[in-house]
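Asks: So the chains spell out like this:
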Amino acid sequence: MLLAFFILLVSGSAASAKTAVYEGNIKDGQAYQLNNYVIEITDIFPEANTASYYVYEKDKEVTDGLLGVNKNADFSFEEKGKVEMRLKSVHSGGVVTVEITMSNYSTGDLYTNKLLEKGRSEAVFAGDPEVVITKSTDKSKIKLGESVTVTVKAKNSGNDTAHNVSFADPKQEHFVLEETTYEVSGTIPEIGYGESVPETLVYIYKLKATDAGAFELKAVNASYTNSAGQTYKASSNTPSINVSEGNKLRANVEARLNVDSLSVQRNEKIISTIILKNKGNAPAQAVRVDILIPESFEYVEGGEDIETVDGTPRVYIETLEPNNDKEFTYTLKAKEVGTYNISSELSYEYNNGIEAVNLKKSNNSTALSINVKEGKFDFLIKNPLYIVISTIILAAAGVHIYRKHKEYRY
Amino acid sequence: MLNILVIGNGQCGNRILDSINRHALGGGKSCSKLARFYSRQKFKSHVETLALNTAINDLKEMKFTKARDRIHIEQLHGVGANRNIGKQVFEDKKERIMRQIEERGNFDIAFVITSASGGTGSSFTPLLVKEMKARYNYPVYCLVVLPFREEGTLYLQNTAFSIREIRQSGADGIILADNQYLKNIGGSIQEAYDGINDMITERILFLLDALDSEMMMVTDLGDFKSVMSGGAGIATMGFYRAERETSIKTAIQNTLSPSGLLFSTDIYEEASRAMIIIRGDRKYLNVDEISGEIEKLSGAIGHVFKGIIVRSGEFPQVLSVLTLESAREMEKLYGVAIQAIQQEKEKKQRVEKEAELDKTFSRIEGLEPEY
Ligand SMILES: Nc1nc2c(ncn2[C@@H]2O[C@H](COP(=O)(O)OP(=O)(O)OP(=O)(O)O)[C@@H](O)[C@H]2O)c(=O)[nH]1
Ligand SMILES: [Mg+2]
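Protein chains in written order, with my numbering: chain A, 4 to 413; chain B, 193 to 563.
Isolated chain A (complex conformation):
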């Protein structure tokens, strides 16, 4: 041991620029930590003006020796650095005064540089934790609307415990989150390292594809610190998934208007039907048809599934299954001579089996043109309202002409 001391002594003299890191007292049992190195001072002999020292890198002893007052000892520090200890004085009561200097190392990079009051057991060592995140899927090829299970695991393959590990999994375009089976709650306080430590499960969830194409799932990101509180970041791999065009479902409702005759007499009843047929392969929901009848037509009566809203007959059915059709009958009456169009406004919803929300569709039917002729007995019951209206029009025209005349008369 003494020999070792001498070797250290000799080699320690040739040093570059030195920087003092500590000058002060260390008590018996206390230690001084510089990053992962701990200098422990014991066996203080005031009578002999000596003290023993032990240097550990983490838990492994690197060197030790006996130091006399005004004598130096040194050890190499990390890659290229060197630490030099000098015993300045020895006091009764187990106290020494030391001076610790470093060379070939920028002391600003020290993350730990402190006196361990309670000795070596108090030391916290930092390494480089390396959290490796793997994102995997159970399938790499799916059809549109199918799901894929994503599993995210993490393992620390570094040499330090990862502390306060938090994960973030960005929202995935072209997919919707269908179900979350497992999710770590909050941050993981610690992930240990070493072969014996099992993988940590981070997420298990199901994604449902909403678009066809080749997609790369986004990387899961993690951030964590080492024992010394230094921050690290890691990202997972980005597995790719091929989504092929599967079969989207759709409802395709058709509304067909019919009347018993396209040529009718005034005030004659017109028996009309509307047939709704779902030609698609998904059920149509909230199917609504407004039958647009001209103003000069009157809605006389109809089945109880037809209600009138503001004079417009409306058919409403909750669901119309694929390949089903439904017929509704109602009666109209034409009040005025002329050619009129009857049409309908249809709207419904359906689920395409892929998207979560229902798709809305609406369309207008082609118009049915009805020719209304003078009724046989119309001449008997000529509506006096017409006379009133034409009188009003004539009077208004008269007033207008008179006003204009006056405006220009000079």
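Worth flagging that the hints you see were computed from the coordinates, not collected in a lab. C-beta atoms are modelled at their ideal positions from N, C-alpha and C, and glycine is treated no differently. Any given hint might turn out to be false.
[To be verified] DSSO-like cross-link-like pairs, simulated, lysine-lysine; straight-line CA separation at most 27 Å:
hint, chain 1, residue 1, chain 2, residue 2
1, A, K409, B, K252
2, A, K407, B, K236
3, A, K336, A, K280
4, B, K225, A, K409
5, A, K409, B, K234
6, B, K322, B, K279
7, A, K61, A, K83
8, A, K409, B, K236
9, B, K225, A, K407
10, B, K252, A, K407
11, A, K407, B, K234
12, B, K285, B, K258
13, A, K407, B, K255
14, B, K285, A, K409
15, B, K488, B, K417
16, B, K255, A, K409
17, A, K409, B, K539
18, A, K407, B, K322
[As the list claims (entries may be wrong)] Far from chain B, some chain A residues (derived; all Cβ distances over 10 Å):
hint, residue
19, E26
20, T53
21, K142
22, G148
23, L180
24, N261
25, S266
26, N270
27, K363
28, S393
29, H408
30, K409
31, E410
Please build the complex by placing chain B with the ligands on the supplied structure of chain A, with the hints as guidance.
Replies: Relative to the frame of chain A, chain B with the ligands by itself:
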């Protein structure tokens, strides 16, 4: 939107104003009297029209101008081509007349239309303009109609004085239209008037429309003012409306040709500033042709303001506004007018002599021949 005031003074002014209101009703020259019952004047801008006259019959003759816009200035015996009486009447009724303008709100620009040769219009106009310029700060332009030269010495004399007075009144410009120059149009005198009035109307309405239109190359009220402030304060307008597919080059040449102008002038010699407004369907608006023609003109007279209005489906139409730095035709007219004044003077002296003769005759009053 611009606020525009158009005043027509005297019979000639009234008639042109009525023509403007008729054309604006739509239907153009052939607009029926009935149109006023179902249509209304389609001005792009807010346009107020006002007809002033001492002769109630002239006002009654108007068909397309609202009654409230026809203002009769009572004068027992009319004015009878006597400008001194006309001036007197205006001074007496000034406040009444000005109130009519005041009531119609504020304007961005005003036009006063008159003949130069009659009694009422030619005497009202300079005094009216002077009054308007004193009260308002919008520009006032006069459209002045020159008489047929054979209409007699009195009319020529009136023309000479009234134009001088209008120039001195503070008017921002005078646009000339010459009956003599335009007379080959019609058969009867009434037809000739109507034809000339239509020509003037067409140009004015086009100008009003243009001043308030979106243009591709901009000319606006400001440019119009700049053009009108050039030269000797006298301007005229040219116009051409193609009735069929016509190149824009031809249309521009026609607007500047004698047949397009309202007053006899050699524009390449006499014009001082010009503004050319081109309107029509995009397919006619060949930029090279337009530039070529405009360059020809600006080469002779200097800067030419140009505006292009795209109106789909329209054949090319071109309006030119030209201010003149000299007007040989005007000098000629003044030459004739001076002679006319001389003649009038001599006539008056002769009348005075006749009066003396009367005195001589009166000496035998009460006497009976003695035989
Ligand atoms: N272009 C054109 N010129 C007209 C018209 N009516 C009259 N004139 C011309 O106007 C001159 C006569 O002036 P008027 O406007 O009739 O006279 P006024 O202002 O009514 O004045 P007095 O009748 O004298 O009180 C003549 O030279 C006519 O040739 C018209 O409708 N069109
Ligand atoms: Mg008159």
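Asks: Check each numbered hint from earlier against the structure, then list the numbers of those it violates in ascending order.
Replies: 17, 18, 29, 30 and 31
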